[in-house]
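Novice: What follows is each chain in one-letter form.
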Amino acid sequence: MKKVNFRNLPSQLSLLLLAVTLTFSTTLFSQDAAAETGGADAVAGKALFNANCAACHKLDKKATGPALRGVVDKYDQAWLYSWIKDSQGMVKSGDATAVVLFAENNNSVMTSFPALSNGDIDNILAYTSTPPPSPPPPIEVAGGGNGTGDGVSNNIILAALALVFLLLVAMLFLVTGTLKKIASANGVDYPVKEKGLPIWKVFVQNQFLVMVCSIFLLLASAYFAYGYVMQVGVDQGYAPVQPIHFSHKIHAGDNKVDCNYCHSSARKSKTSGIPSLNVCMNCHKNIADYNGEEDAANGYDKAFYDGEIAKLYDAAGWDVDEQKYTGETKPVKWTRIHNLPDFAYFNHSQHVTVAGVDCQKCHGPVEEMEIVEQFAPLTMGWCINCHRETNVDLKGNEYYEKIHEELSKKYGVDKLTIAQMGGLECGKCHY
Amino acid sequence: MDWNVVNVTIKKLKLITSNNMASNKKYWKSVEELNENSSIVETLQQNEFVEPIPTDEFLGDKETLEASSTTRRDFLKYVGFTTAAASLAACEGPVIKSIPYVVAPDEIVPGVANYYASTIADGFDFANILVKTREGRPIKIERNDLSTNGGVNARVQASVLSLYDKNRLQAPLVDGAEVSWSDFDVAVAKKMTEMSGKDVVLLTQTFASPSTSKLIKEFTTKYPNVRHVVYDTVSSSEALDAFQSVNGMRALADYDFSKAEVIVSVGADFLGDWQGGGYDAGYAKSRVPKNGKMSRHIQFESNMSLSGANADKRVPVTPTQQLQIVKALTNDGSLSGLPDDVQGAVQNAKAQLKKAGSNGVVITGLPDVTAQKMVLECNEGSAVIDAAHPRMVRQGNTAEVLRAMNGVVSGTVKGMITVGVDPVYSFPNNKAFTEAYKNLEMSLAFSMKNDATAAASKMVAATPHYLESWGDAQLKKGTFSLIQPTIRPLFNTRQFQDCLLGWTGNNNKYYDYIKDTWTSVLGGSSWNKALEAGVFTSAAELEMEVIPTLEGQGEMESSSSHGAMSATNQGGFELTLYAKTGMGDGQQANNPWLQEMPDPITRTSWDNYITVSAADAAEMGLENSHVANGGLNGSYVNVKAGDVIVENVPVLIQPGQAKGSVGLALGYGKTAAIQEEMQTGVNAYALYNNFSTVQNVTLEKVGGKHEFACVQLHNTMMGRDIIRETSLEVFNTKDVQEWNPVLFVSKDHQEIPITSPDADLWESFDRSIGHHFNLSIDLNACTGCGACVIACHAENNVPVVGKEEVRKSRDMHWLRIDRYYSSVESFKGDSEKKENISGLGSSLSDFGAMENPSDNPQVAFQPVMCQHCNHAPCETVCPVAATSHGRQGQNHMAYNRCVGTRYCANNCPYKVRRFNWFLYNENDEFDYHMNNDLGRMVLNPDVVVRSRGVMEKCSMCIQKTQKTILDAKRDGRAVKDNEFQTACSMACDKGAMVFGDINDHGSQIYTEKKDNRMYHLLEAVGTKPNVFYQTKVRNSKEV
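Quick note, the sequences are listed as chains A and B, same order. The first sequence begins at 1 in my numbering and counts up by one. The second sequence begins at 10001 in my numbering and counts up by one.
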């Protein structure tokens, strides 16, 4: 593949140019469209649409409300103004179109937007009238070329360098060969080296060296053996493939969803809890497709993410077309990443609520993880270290008042570590 | 063996010995060797083994061996590789799946327990409870503090495990085949139409439920041929009859023993199951000396019961004598014929009752209407008895049950519907009844299990456990309770009431039906609030179903003796049938916790047995003996009453058993739908003739030895300082040093108290900061009921080990209740006797004698769990520091660190450490609840299940103290007093166990620690325990 890329470099360039031209032409086109709808601003309309309408409407798909692209063609503009400003009023007043529309959408009440001016509505309608982005197969290719441009160019440079290097070596051989030929032609003699003992024999004869080496070897192997044994049962870096590719990077990173929104029981329970699917559906009822950045090199493109969201719908029993639950659910069998042995008791709420420890302290930069992996070793030594080093935050907690005063007097310190509070006792975690 | 043959062999033997003389002895292994021409002997001499060892079977024949491509070297290679591969594979952790809810219920937060108020009303036990659920599974039963009805005993605590019984019925059956409920309804409807006009008996347990009562009435109105008969498996019919004739209502008087000054009980085990039980909490209140006063309790009884064990004075008398005593106490009946000391005791009791006036009370458990009536009349005006709010927990009518039973046998009753009862198992003449029952035109059993009755029924309706059902109950008049489900039905079951609703054409669910009934009860109050509280007090008069009696109609010949005790001693024994603390009426026989729970009196588990007095045993040659491993063995007897013989009943010699009387526990000997391990004991219901607990029997000794699983093999204290006891008089008048002394030791020729730091080997830790947990156990309030033992089981995932292991003293109970008998009349006498021993001769004979309990001993109970010593001997000997001390006073046990040396157990002076000799979970050898998925649902997820080879012991419920602390931290507040609890202190409704933080000087535990009665167990050892006891005080003053 890379070779092909290399060879087709000129054609890629031309494709790139084509892509640029196409992009410009589409913007031009949409500006034309804006001009067509009486000078309304589709860009401003998009912003308004996202702020007010997107919770229930999509352009091309039915959501809670109907798909809105081309809505101006279906209804009279004046009718639309009054509908958007007070839909229920229209239904009550018995407007025939309104009543039919209301019934068509399962009698779900549309929020009234009396604050929107006719101009705003025009802008929104302008946005809804933009034609769908034309299917861009050539752009796809060009975009692919663009997206992976860095990787390709690096490879090209490396390949070129290797080639140059090889050429140099070959040239060197050729030069020495020629020089030798010239020398023999001119009758120059070389001093011939005497052959001494082979180096391994010298090594074996030097017993001191042998001993030092074997000691070194033994120590080294002991070091590695110890290292191997100590990592048995430690699953740091464990990143299993999950039945649904849930990207914490997109949720916690790009969209800044708070950890506790989904893992709400971390605040009050010993387990942080894997969110039930109804929690996912709180948002994903309206988010059926992915519109963020793509990482096509790893296969994480829009189609991939949309497929994963479809898996969620399948599991939760959500019919996208009908916008309702079918009742046929398939509970998701997630693979557990953080596994503490049964004999160790750990309570999330103690750490999250009482101590105010950030989730990232133990779980690492989850908001950057496309696939979550075990960040901490979860060994007892790791727990203990933290308990030894961390000061307990006691401010504003009446429980700690008396005990803190007495203990800090006893130890003669201002701040107490968890260890000083008794956090290293066996029975605190093992029962 | 034929004797002629033996004679011949002996002759031959003589011949051989004389031939060879002493110098050349020939030893023979079998008589066959004496036959010189025997071919067998010849072959045996040639071959070491009788049969050739089948080497080919495991090696294969030579040919295949050679043909095989696997050489010895290859074989070794394979072994090497597989071992290496196996050990490498072990390094990989297993892949663990987590499956969250699709739609999470609002009330469930994984990892946080929910509590629901409910009520148990299984026909034998009635109590208001709290159900602790985790992730939607009930895992523990606790007391409902809002309720004043007691009764959350060991059986109620254990009932949560019966929910997860794998032997439960999973669907309704018609003719033994599983059917759907709709098919079942059709089958029943068809049968009911066929049966119209024929006599059908609806035989039910006591429901004490207003809604069920109303519903049954509607059912019998629709099907007038159905006759409702209430059957209490263990009957209180005589007491009900007596109460009905005095107060006009079929109920039982309620008693508040906390108001009693003098309690005289004649054969009533009111601390056990007498008239529904649950009286122990009130009793305990009056037993703790306050302002120099406590109640006096005099017990006349034949079996040694919990009540007798707790009494200040116990007089062993036979049931016939008891009847005479009741008459003498209440109606000035004659005392002649009674032994002199009994006469004296009765007169004393009478005088004390008189003195106590309205604070005195007489109760009796005799199955005799006259006696019950006398007692009720005598108690009129007493502050202790409450006839205005009687108990509704027993409704059975023996006369009606007998009529129904005889009707089935004689064929006049054509159909029977049973609900919550198992008559095929529990009716006395069960052979005749079983045959007749099988031939009934209609037999329909509502049952949780395919028990004896269900197995003999043509139709079986699978019912849910009470933790899966809706319901209501009126335990006492005016006190209403609700039953709510705490888990979805595990199986395809439907409760009796829902069935009745369907069959009477009512489309409502039973839930709506109850709500409807309760509108008058609630009188406008909130249903949800009542449901949350579980109990509701209302003056509403609900019309309960008046169960028609057929008194005076039809024949009565078989029940002619009903209602009057027929016991007259005719050379045999007077048998008193009783219900054991663990087993009750036997409906939870498949519950391993209850099977393994040692009986508080005999300390024997997994059995019932006939209790015999030492004198009678000696007369009949019955014995109890110990074998080398410590196990207790007993003789067998056949028990005969009339034509009924119960064979091979093991004998247990019971100190305190009245001479001429014997006792036998009901509820054992079940075989239907019960796992083999749990099929223990003999069925004593066979002897329960006329449903009278007193029977005349004869015993006949038979051969063989029974192996008991008894956990306490030494029954006396031998005057040692284990349980401190004093009399109320001494307690009130003497210095504390006299009755609860601190011991002194000599250091540098100075007497110093043993509690002083100078008398200590160890430096003490500073425990003044933070929490310091202590547990107080009041020996006056403890009745030995064992609810704490089961609560501990449930809370801490304590395994069940089975009869064989218990017999080897490998029981795993973290908390045991030791029971001691005095070797003379009293414990005081024991100490005096010990003090007076001098010289070798006297010490040998007297100490020997002190090992044997007296014929009528004093009894004392002492719950013992890990004492959480501040200077713990176990901690210093652990080579791997698996057991260590926490600054909150708990002695920690890190199971994952333990390597199983058992040094700690050997060094523990209290013997409270328990070793996992085997893997008790997921092991077919121990096929109890931890060996099936259903049973494991009861496990507490906050406590680890221990594996083989580690030591375990009471942790002072550290998971509970940690939780309390965390809750306080999360709320940002200090911990309140009484918030700290252990499973045992929570289970104890008598207040005998108080747990708390002694660094909180306002706490109850701090006051308890400062109490004069406080002492530490084996204080002289210097272990400084964090568990302490309150000296037992007995009100031993006569008159």
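I should point out that these hints are in silico values taken from the structure, not numbers from a laboratory. Glycine included, every Cβ here is placed at the ideal spot set by N, Cα and C. Warning: the hint list may mix true and false statements.
[What the hints assert, rightly or not] Derived lysine-lysine pairs resembling BS3-like cross-links, with alpha carbons at most 30 Å apart:
1) B:Lys10293 - B:Lys11009
2) A:Lys409 - B:Lys10293
3) B:Lys11024 - A:Lys409
[To be verified] Listing some non-contacts, in silico: residues in chain B with all C-beta distances to chain A over 12 Å:
4) Thr10071
5) Glu10135
6) Lys10198
7) Val10226
8) Leu10440
9) Glu10676
10) Asp10766
11) Val10944
[Said to hold, decoys possible] Incomplete in silico selection of chain A near chain B, CB under 8 Å:
12) Val332
13) Asn347
14) Ser349
15) His351
16) Gly396
17) Ser408
18) Lys410
19) Thr417
20) Ile418
21) Gln420
22) Gly422
23) Glu425
24) Cys426
Novice: Next step is simple, just say for each hint if it's right about the structure.
Specialist: Right, here's what the structure says about each hint:
no., hint, result
1, B:Lys10293 - B:Lys11009, "holds (20 Å)"
2, A:Lys409 - B:Lys10293, "violated (47 Å)"
3, B:Lys11024 - A:Lys409, "holds (27 Å)"
4, Thr10071, "holds (32 Å)"
5, Glu10135, "violated (10 Å)"
6, Lys10198, "holds (47 Å)"
7, Val10226, "holds (41 Å)"
8, Leu10440, "holds (45 Å)"
9, Glu10676, "holds (30 Å)"
10, Asp10766, "violated (7 Å)"
11, Val10944, "violated (5 Å)"
12, Val332, "holds (7 Å)"
13, Asn347, "holds (6 Å)"
14, Ser349, "holds (6 Å)"
15, His351, "violated (11 Å)"
16, Gly396, "holds (7 Å)"
17, Ser408, "violated (10 Å)"
18, Lys410, "holds (7 Å)"
19, Thr417, "violated (15 Å)"
20, Ile418, "violated (12 Å)"
21, Gln420, "violated (10 Å)"
22, Gly422, "holds (5 Å)"
23, Glu425, "holds (5 Å)"
24, Cys426, "holds (4 Å)"
Consistency with the previously given hints fails for numbers 2, 5, 10, 11, 15, 17, 19, 20, 21, ordered from lowest to highest.
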